[in-house]
Amino acid sequence: MKKPAWWSAAFVVAGLWLCFGASAQAPSAAQAASAPLPPVSLSARKVYEQARSQLVQIRTLLKGPGSQLSVGSGFVVSDEGHIITNYHVVSQAALEPERYKLVYVTADGREFGVQLLMLDVLHDLALLKAAPRTGPFDALKFRTDTQPLGQGERMYSLGNPLDVGFAVIEGNYNGLTERSFYPQIFFAGSLNPGMSGGPALDQEGRVIGINVARQVGGEQVSFLVPSEFARVLLQQGQTAPPLIASVWPIVREQLMTHQSLLTERFIQQGWRTSTHPRYRVPVPVDKFMRCWGRSQASEAGGLSHDRSDCAMDTRIFVGEFNTGSLRTSYQSYDGQKLGSLRFAKRYGELFDAESFQRLSSRHQTKPRCKEDYVERDGLPLRAVVCLRAYKKLPGLYDASVLVATVDHPTSGVQGRFDIEGVNYANAMKLTRHYLEAYGWARSH
Amino acid sequence: MGALALIEILDRDGSVRHAQKVLSWPLRVGRSLDNDVVLDDPHVAGHHFTVDANEDGVYLAVGDTINGVGVGSQRLVAGERWQAAASPSTIVAGRSHLRLRLAEHPLAPEMPLTATRVLAQGRTTIAWLIGLNVLAVVFDTYLEIDPEPFARTVSMTLMGSLAIALGWCGAWTLLSKLFTRQAHFSWHVRVLLTTTLALEAVGALSSLLGFMFSWPWLPGYAFVAQAAVAALGLYFHLQAVEPHRPWFTRAFAATAFVVSIGLLAWGHWQRTESTRSALFQSAMFPPALRVARPVDIETFLARLQPLEAELEAKARKPDDSEDTDTGTDDED
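If you read the protein sequences in the order shown, they are chains A and B.
For what it's worth, numbering that gives the first Met the number 0 labels the leading residue of the first sequence as 0, then goes sequentially.
For what it's worth, numbering that gives the first Met the number 0 labels the leading residue of the second sequence as 0, then goes sequentially.
If you're looking for bench data, these hints aren't it; they were derived computationally from the structure.
C-beta: ideal position from N, C-alpha, C; glycine also.
A few of these clues could be false.
Label-pair distances were calculated between CB atoms; the ranges are [stated by the list, open to error]:
#1 298(B) - 338(A): 32 to 42 Å
#2 178(A) - 298(B): 33 to 43 Å
#3 163(A) - 146(B): 24 to 34 Å
#4 254(B) - 216(A): 51 to 61 Å
#5 146(B) - 95(A): 55 to 65 Å
#6 138(B) - 406(A): 22 to 32 Å
#7 304(B) - 260(A): 21 to 31 Å
#8 270(B) - 238(A): 49 to 59 Å
#9 298(B) - 406(A): 41 to 51 Å
#10 270(B) - 441(A): 34 to 44 Å
#11 150(B) - 294(A): 27 to 37 Å
#12 298(B) - 267(A): 18 to 28 Å
Calculated pairs, DSS-like style, for lysine-lysine (alpha carbon to alpha carbon, straight line, at most 27 Å) [what the hints assert, rightly or not]:
#13 176(B) - 390(A)
#14 369(A) - 316(B)
#15 62(A) - 128(A)
#16 344(A) - 390(A)
#17 390(A) - 369(A)
#18 369(A) - 286(A)
#19 316(B) - 390(A)
#20 391(A) - 313(B)
#21 176(B) - 369(A)
#22 45(A) - 140(A)
#23 428(A) - 20(B)
#24 391(A) - 316(B)
Here are some chain A residues the structure puts well away from chain B; computed CB gaps all over 10 Å [unchecked claim]:
#25 133
#26 241
#27 248
#28 348
#29 406
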């Protein structure tokens with residue numbers, strides 16, 4: 000029996016990456032093409048004219064035939080020709096430099112070579128450097144932290160949407176998004192695929208953020224990486240030598256930093272109290288996770304269940320997959336009308352419907368599992384832990400913990416905890432943290 | 000004067016199609032009409048062989064044939080001779096099977112009827128088996144579905160099972176009729192009903208014991224026992240099709256067992272890189288049936304430690320499989 004998928008529609012799925020490629024986002028491109036652009040005000044024209052020469056399009060080309068694989072945007076941030084864009088705009092060329100190369104195209108249509116200097120995978124940023132030329136480059140300035148923006152303030156996002164031409168999109172600043180693991184600016188404006196890596200400017204033309212994603216299913220709900228992270232990246236990588244080899248080791252190193260921070264913050268935030276009348280069931284505090292619940296009574300006199308799903312909005316885009324995220328869910332089943340034999344049968348089938356395969360075998364090993372009855376606080380549980388190792392990110396693992404209470408003949412709770420992209424020690428730490436959260440409810 | 004010998008022409012299933020007493024030697028066998036026994040078989044020569052007697056006893060002389068004569072496991076070519084054995088021998092000429100029984104051969108004692116397998120089945124056995132199978136189907140349906148549409152679902156399941164059982168037994172009956180000229184319908188019904196009960200029992204028992212003692216390997220490898228039961232079922236079905244070739248039916252069933260185990264294990268390996276049918280044991284039973292004592296979290300986590308090295312070694316292996324599985328990226 001398949002689990003109901005009702006909740007997937009309810010999830011506010013963040014992060015349609017705005018890199019525009021032939022292979023992806025065709026439906027959203029069509030959707031975007033039909034939406035009329037909002038009228039451009041006088042100040043938008045001024046901002047665009049000022050920033051036009053600093054704005055570039057970043058193209059990923061196939062090395063042999065030179066045809067373009069994907070396009071994004073970027074902007075010049077130093078007079079030596081340093082360019083900031085998103086990591087996901089350049090990820091293919093960064094991970095497979097033997098197959099792809101990067102070029103940038105200026106607003107007047109000229110194409111030049113560009114090299115990768117440094118990455119910030121966690122904030123989805125990349126620092127590039129344009130091939131040297133005789134004159135200095137025009138550079139955009141960062142807006143500093145000492146000049147905070149007010150909610151509703153006008154701002155302008157620039158880029159090359161869907162490869163149709165450079166454009167300026169007017170919108171509003173709405174502060175930082177809630178429940179994001181890393182800070183992100185909530186921009187009320189329409190970002191489109193192809194604008195990734197482009198700058199979002201204030202009325203004076205200073206960089207506030209970098210276009211990164213938009214909400215699928217939302218209207219004018221877009222996200223920017225705060226410019227502070229780009230400023231730090233520029234500072235650190237300004238004089239770095241170009242990255243020639245594949246960046247998998249760098250990605251891995253940054254994911255290692257992410258997973259230790261994630262584990263620490265997740266364990267620190269603890270669990271919610273009183274989640275079930277009979278048991279203590281682990282449901283995370285929703286500081287950087289979003290939870291949805293649902294209850295369903297059976298119409299045919301069978302099993303009724305309550306369900307809760309919590310997931311992080313933040314996932315780290317690695318290249319061909321995402322990782323670095325946590326998810327928990329539990330289902331509480333009541334089968335009083337079924338009787339114990341029938342309930343047991345159904346309860347087992349529901350436990351069986353769980354799958355452990357997330358990524359293809361090119362990226363991950365097949366799962367290896369251990370299972371047993373585990374006792375916590377006098378409550379007997381059936382626990383299954385399955386782990387998969389990443390093939391290109393050695394030392395990182397996905398773990399899934401499945402738990403079913405086995406104390407009552409006609410009711411029970413089944414929980415699942417999915418851990419993505421952590422080292423083995425943290426996988427064990429998080430597994431323990433999750434298992435230890437089960438127990439009898441205090442009122443029981 | 001009594002007969003010197005009896006020459007019998009056998010059917011494919013070993014039964015006698017035609018028998019002829021031999022009153023005088025020689026006995027000539029072939030396709031030509033001047034033979035004593037005429038075989039209308041295109042692979043038989045005009046004068047295929049002759050059986051005659053001299054002072055050493057009865058012998059067979061092969062005539063002018065390109066196909067030769069088979070006697071027991073021996074192969075005789077044109078012009079060869081063969082001295083008759085002390086017991087009746089099967090002779091193969093072309094595609095015809097014959098048997099030569101001499102007067103001097105000792106007569107085998109009469110066999111009691113009970114010693115041979117009687118494939119006809121008593122009604123009581125069949126009735127019991129039907130009853131048990133119906134119970135199993137009803138119980139399975141009861142476990143599967145919600146209380147409300149029970150009666151309708153159970154009647155539909157029973158009808159479906161009946162149709163499948165009749166189709167299955169009907170096909171075997173046709174085979175039996177084709178090869179043995181007997182239907183053996185009740186035999187096939189008995190084999191099918193016993194096999195399904197045994198399969199059900201193996202599945203349920205392995206899950207139950209797996210749950211009771213926390214032995215996930217037991218339901219994980221129940222497919223081996225189930226394949227064995229199915230192969231036994233096949234063996235007994237075949238007994239009513241090829242009753243005279245026990246080595247063939249045994250070899251066929253054994254091969255079917257080995258091949259099915261191999262295919263199933265290979266399929267599991269492709270899916271999970273383990274020969275077990277499932278990654279973990281999921282079947283649940285009422286909690287009172289649990290015998291295994293739960294371990295504490297510490298012990299459980301300690302058992303997870305060896306997986307690190309295993310997974311690390313697996314991850315280091317280069318891409319061994321093509322990207323055929325449908326791994327779903329979470330990427331939007």
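Any hints this thing doesn't respect? Which numbers, in order? Violated hints (numbers, rising): 3, 9, 13, 16, 18, 21, 23, 28 and 29; every other hint is consistent with the structure.
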